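Residues 1 to 260 in UniProt numbering are what the sequence shown lists, from first letter to last.
If you are wondering where the hints come from, they were derived from the structure by calculation, not from laboratory data.
All values reported here derive from a predicted model rather than from experimental measurement.
The C-beta atom is built at its ideal place from N, Cα and C for all residues, glycine as well.
A few of these clues could be false.
[Said to hold, decoys possible] Per label pair, the in silico range of CB-to-CB distance:
hint	residue 1	residue 2	range
1	Lys24	Asp193	32 to 38 Å
2	Asp141	Ala231	17 to 23 Å
3	Leu41	Trp63	30 to 36 Å
4	Lys45	Tyr176	33 to 39 Å
5	Asp193	Phe260	17 to 23 Å
6	Leu170	Phe260	30 to 36 Å
7	Ala35	Gly140	29 to 35 Å
8	Thr51	Phe186	22 to 28 Å
9	Lys61	Val29	20 to 26 Å
10	Ala144	Asn250	23 to 29 Å
11	Phe165	Tyr33	34 to 40 Å
12	Tyr33	Ser179	24 to 30 Å
[Stated by the list, open to error] Below, simulated DSSO-like cross-link-like pairs (lysine-lysine); rule was C-alpha separation at most 27 Å, straight line:
hint	residue 1	residue 2
13	Lys248	Lys161
14	Lys103	Lys138
15	Lys103	Lys61
16	Lys138	Lys24
17	Lys143	Lys103
18	Lys161	Lys61
19	Lys161	Lys24
20	Lys103	Lys248
21	Lys24	Lys103
22	Lys45	Lys103
23	Lys143	Lys61
24	Lys161	Lys45
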Amino acid sequence: MNNILKIALPVIIGCTCSVNAIAKDFTTVTAGYIAHASDTLDENKNQFDRTLLTVANVRAKDWGRIATVGIFENLEQSSSDPQAEALGEAWSTFKFAGVAHIKTGFAPGLNYMVDEFFFTNTNGYENNMKLGLSYDTKLGDAKANIGAGVNYVSIDNAGAKFTGFSGYALNATVQYPISDNWGLKFLYNGVFDRDEEHAIGYTDSIDGEQHDSGYRLDLAVNYKISNAISACLTLRQLDSWYGYKTSKANMMVLSTSITF
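When you get a sec, could you build the whole thing from the sequences and use the hints?
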């Protein structure tokens, strides 16, 4: 099953490098392509290069902010690999993600965090909800958000069937404006102490041990073409997460976005 974005997203626009991030309310539509390193595909036979389309909406108010996104992958069903077919990766997949950061009122920048992700395709489904706290801060010109919480999971997918609390997660994002047109973004999602039934299939390709933790690491460069249009290059590494189950996976995401 295509598990990219498997755990709930702390920042909705991880792949949609918005040019309008300073606006309080905005919608971003992004078209992109995920290209893998050749050794990543050798180690993860169920994965393949594929298209990506997202529609993200962000609303910010005095009490906090909410972001939602619809995610569509592999619209053209590009893979004909037998293993990808068998594991459901070759099918088009719909996903929904949403995150709310609600101000606590106890301390500036401290938020209650509710982070939700759901996906489904022909091979099953998975629903993740992360409950915790997040903190907004500034590091010079950079804006940062750090969040942590427990993860509640309902999954029936590719041999894994589990409902209940499954470990905890740590998220961090940093956005830095290099100039009026260029920006950098760093994103880290880590999940730890997953339940054994939740982590089925995430085994090391060398020692064969099951992994109860994993992470996503992004470094993105965004270029603002106009007030509404941008292009983004994201270098991404995944380890025992998002359906990449046997080794560290390296890939590049190329995308173009329009924001209004």
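We went through each hint and held it up to the structure:
no.: 1; hint: Lys24 <-> Asp193: 32 to 38 Å; verdict: holds, 37 Å
no.: 2; hint: Asp141 <-> Ala231: 17 to 23 Å; verdict: holds, 22 Å
no.: 3; hint: Leu41 <-> Trp63: 30 to 36 Å; verdict: violated, 45 Å
no.: 4; hint: Lys45 <-> Tyr176: 33 to 39 Å; verdict: holds, 37 Å
no.: 5; hint: Asp193 <-> Phe260: 17 to 23 Å; verdict: violated, 41 Å
no.: 6; hint: Leu170 <-> Phe260: 30 to 36 Å; verdict: holds, 33 Å
no.: 7; hint: Ala35 <-> Gly140: 29 to 35 Å; verdict: holds, 33 Å
no.: 8; hint: Thr51 <-> Phe186: 22 to 28 Å; verdict: holds, 25 Å
no.: 9; hint: Lys61 <-> Val29: 20 to 26 Å; verdict: holds, 23 Å
no.: 10; hint: Ala144 <-> Asn250: 23 to 29 Å; verdict: holds, 25 Å
no.: 11; hint: Phe165 <-> Tyr33: 34 to 40 Å; verdict: holds, 36 Å
no.: 12; hint: Tyr33 <-> Ser179: 24 to 30 Å; verdict: holds, 26 Å
no.: 13; hint: Lys248 <-> Lys161; verdict: holds, 24 Å
no.: 14; hint: Lys103 <-> Lys138; verdict: holds, 16 Å
no.: 15; hint: Lys103 <-> Lys61; verdict: holds, 10 Å
no.: 16; hint: Lys138 <-> Lys24; verdict: holds, 17 Å
no.: 17; hint: Lys143 <-> Lys103; verdict: holds, 17 Å
no.: 18; hint: Lys161 <-> Lys61; verdict: violated, 38 Å
no.: 19; hint: Lys161 <-> Lys24; verdict: violated, 39 Å
no.: 20; hint: Lys103 <-> Lys248; verdict: violated, 36 Å
no.: 21; hint: Lys24 <-> Lys103; verdict: holds, 15 Å
no.: 22; hint: Lys45 <-> Lys103; verdict: violated, 43 Å
no.: 23; hint: Lys143 <-> Lys61; verdict: holds, 18 Å
no.: 24; hint: Lys161 <-> Lys45; verdict: holds, 22 Å
Checked against the numbered hints above, the structure violates hints 3, 5, 18, 19, 20 and 22; every other hint is satisfied.
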